[in-house]
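Novice: If you want the building blocks of each chain, they are given just below.
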Amino acid sequence: MSEGVKGKGERSCDAGLSARVWKAIGLAALLCAAVALPFLVSSYRVFQFNMVLIYAIVLLGLNILTGYNGQISLGHGAFYAIGAYVAAILMEHMGWPYWATLPVAGLTCFVFGFLFGLPALRLRGHYLALATFALAVAMPQILKYKHIEHWTGGVQGIVIIKPEAPFGLKITPDQWLYLFTLAIVVVMFVAGWNLLRGRVGRALVAIRDHPIAAEAMGVNSALYKTLTFGVSALFTGVAGALGAIVIQFVAPDSFTAGLSINFLIGIVIGGIASISGAFYGALFIQFVPNFADQISKAAPWAIYGVFLLTFVYLMPTGVAGFVRLAWMRMRGIGRISDPHRV
Amino acid sequence: MKKILLVGLGLMAGVAASTAVAEKKYDPGASDTEIKIGNTNPYSGPASAYGTIARSETAYFKSINDQGGINGRKIDFISLDDAYSPPKTVEQVRRLVEQEEVLFIFQSLGTPSNTAIHKYMNARKVPQLFVATGATKWGDPQNFPWTMGWQPNYQTEAHLYAKYLLENKPGARIAVLYQNDDYGKDYVKGFHDGLGNQPGRLITKEVSYEVTDPTVDSQIVTLQASGADTLFIIATPKFAAQAIRKAYDVGWRPMTFLNNVSSSVAAVLQPAGLEKSVGLITALYLKDPTDPQWDNDSPMKNWLAWMKKYYPEGDVRDFNNVYGYAVAQTLIQVLKQCGDDLSRQNIMTQAANLKNFEVSVLLPGIRINTSPTDFYPIEQVQLARFDGKRWVLFGEVLGK
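As they're listed, the protein sequences go chains L and G.
Those letters in the first sequence? Residues 1 to 342, per this note's numbering, in order.
Those letters in the second sequence? Residues 1 to 400, per this note's numbering, in order.
There could be a bad hint or two in this list.
[What the hints assert, rightly or not] Ranges between beta-carbon positions, derived for each pair: (1) Asp213(G) - Leu309(L): 34 to 44 angstroms; (2) Val312(L) - Ser48(G): 17 to 27 angstroms; (3) Lys23(L) - Glu100(G): 33 to 43 angstroms; (4) Arg124(G) - Asn220(L): 46 to 56 angstroms; (5) Arg124(G) - Val111(L): 38 to 48 angstroms; (6) Glu100(G) - Ala326(L): 29 to 39 angstroms; (7) Leu314(L) - Lys189(G): 52 to 62 angstroms; (8) Ile295(L) - Arg124(G): 20 to 30 angstroms; (9) Gly168(L) - Gln198(G): 54 to 64 angstroms; (10) Glu100(G) - Glu92(L): 25 to 35 angstroms; (11) His93(L) - Thr373(G): 29 to 39 angstroms.
No lab work stands behind these hints: they were computed from the structure.
Virtual Cβ for every residue (Gly too), placed ideally from N, Cα, C.
Same shape as in the complex, but just chain L (with noise of 0.2 angstroms):
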């Protein structure tokens, strides 16, 4: 399932029909064992493969930000944290099913990202990165604010009903909302997939790597840029409204500075500006931290650390730029054995 879309960011070096037909047969296959996947297993790892997905959407959104277009976020904990809280206040306040809140999270995310995107265009690296960690750092207090508690619920949350399969479906509700999950992926990858591959993605990249070139060449970078932020956050807001729906539980403490931070390293170790990358970053901050904790109770953060500095150290372009290494050799190899492909 982590391999569900790989490859699919990659532009293939030798356009050959052969080698496109195989990847949409692999993605194909890929998506079929996704599929499969809650059927074969625990409800609970379909619990934890579910916030895979989830985390994989926001991955993608921040890596648009952060991977693409160069502007660092230690603040898409906030965002994360508000599409969780209009999907769950929608829920319990307005009485809405759970599938309608997520256009209304990711589009309430849209406009404050684009909001924050404005000053932040005066901001760069370091600078931008202590402003959004500051987003971060105040949000789990903003959620606790006294005026809004009323529908907040204050420190103590709002707990949220679990949604059961619709249409008399004989599946468990967590089988049924990781396939809900699977299907929003789809959608989200593909949308993302077809802004990053086109004009938009270039003029982001190229706004990345030399922003005065970027302009001379007729790209509107703080329109680009701003756009960019607004976007980001609409991925990471439809991933927060998932989350507060499979986790049936929405509170402060849910959404620390920590949150933000993860979700850096998890592009950083999936690989920054690469879109299966999100996956395998979504597989690192789920399962690592278990991994840690069962190894040494009395420091896991230690192990954390450990496993963190080794994936940095022997993938240093993100595991996603290790499987493309790895497949570009196979690839290179077969080429020479095959006498048809020269």
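Mind docking chain G on chain L? Use the hints.
Specialist: Relative to the frame of chain L, chain G by itself:
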């Protein structure tokens, strides 16, 4: 002949086995040799200071296993880190219940964390036993028959301070300092209820602080300016120490009530200044290992010896280690009462059937009582006044 004998033996064995099966009753996590118990605790993250509670419980179960376990069954205590993050608690508890198949969850820590799993546990009908939080909502057997607290809840405690005030200082003008979260508000609610129909008349000023505030100095000054002659401090250790010190330093000497959460001599009163703490009133239920009056108390000596043997890396000045020891003992009593019926239903039935159970490291006279309608195990506390060195207990044991 041999064959008949064998068949006969086989039949007898079968009968014996079936009667044995009839007597014993197991749900997932229990067997002839083992009882599997799950737990989540913040070993990392903002509340990691509480991690020592689960460590001391782990140590206690090890000491029980060394003595042969309970009715011949060893305890397998699986404690996982949730970093005090509710989504992580959900994940870890689901792992414990669905993957590890524990018999029940014991002492999951934190109000938000337990809120996150509250519905799940009750829908699954898996006991969420003796949760490590003093919020009042855990004792609701009608709506949540699979969840039970342990320590005195915040409202009960505040209720008792109010009662004491009404009896001993009916004309008090009260100032209240509280932490702005569910814990603080739970206390305030209990206090208001305890004052009956006149909280508005007696309370002159209520001021809150945020956990993220650097100090509560300005709050204390505001409260002093209200002209109150009585102060109720609802604060966690760091802020309680600041409040005590600041009130003293600005020359304010109200009759001061300090919530139990911050009654540790080592963690609160020493940093505040022992001389500045003279006259404070609190409600206690556990013996504080840093209070010299228990130096020669034999249960506390046993506790110390146990700490040295089973949990040598633990801090013997931290009363969380006494807490873990005491709550683990309560659980052992429940499991003993269960006998060979280790079904989840019977765990809750026996947890709700504790009668005058005494834990040696609780204050003398405090007993644990529960019933099918009473899911608050400890409801008794005793008031104590600080004399500059130790808490001096006075009056009777209060509460039900």
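Novice: All hints are to be evaluated individually against the structure, with a verdict given for each.
Specialist: Now the hints, each set against the structure:
A C-beta distance of roughly 36 angstroms is found between Asp213(G) and Leu309(L), which places it inside the suggested range of 34 to 44 angstroms. In this structure the hint that Val312(L) and Ser48(G) lie 17 to 27 angstroms apart at CB holds, the actual value being about 25 angstroms. The hint said 33 to 43 angstroms for the Cβ distance between Lys23(L) and Glu100(G), and at roughly 40 angstroms that hint holds. Arg124(G) and Asn220(L) have their C-beta atoms about 54 angstroms apart, which keeps the hinted 46 to 56 angstroms range intact.
For Arg124(G) paired with Val111(L), a C-beta distance near 39 angstroms keeps the hint of 38 to 48 angstroms intact. Judged by the Cβ atoms, the range 29 to 39 angstroms given for Glu100(G) and Ala326(L) holds: they are separated by roughly 35 angstroms. For Leu314(L) and Lys189(G), the Cβ-Cβ distance of about 55 angstroms falls inside the hinted range of 52 to 62 angstroms, so the restraint holds. Hint check: Ile295(L) to Arg124(G), Cβ distance near 29 angstroms, so the stated range 20 to 30 angstroms holds.
The supplied range of 54 to 64 angstroms is met by Gly168(L) and Gln198(G), whose beta-carbon atoms lie about 58 angstroms from each other. With their beta carbons about 32 angstroms apart, Glu100(G) and Glu92(L) fall inside the hinted range of 25 to 35 angstroms. For the hinted restraint 29 to 39 angstroms between His93(L) and Thr373(G), the CB-CB distance of approximately 32 angstroms keeps it satisfied.
The structure meets every hint from the earlier list without exception.
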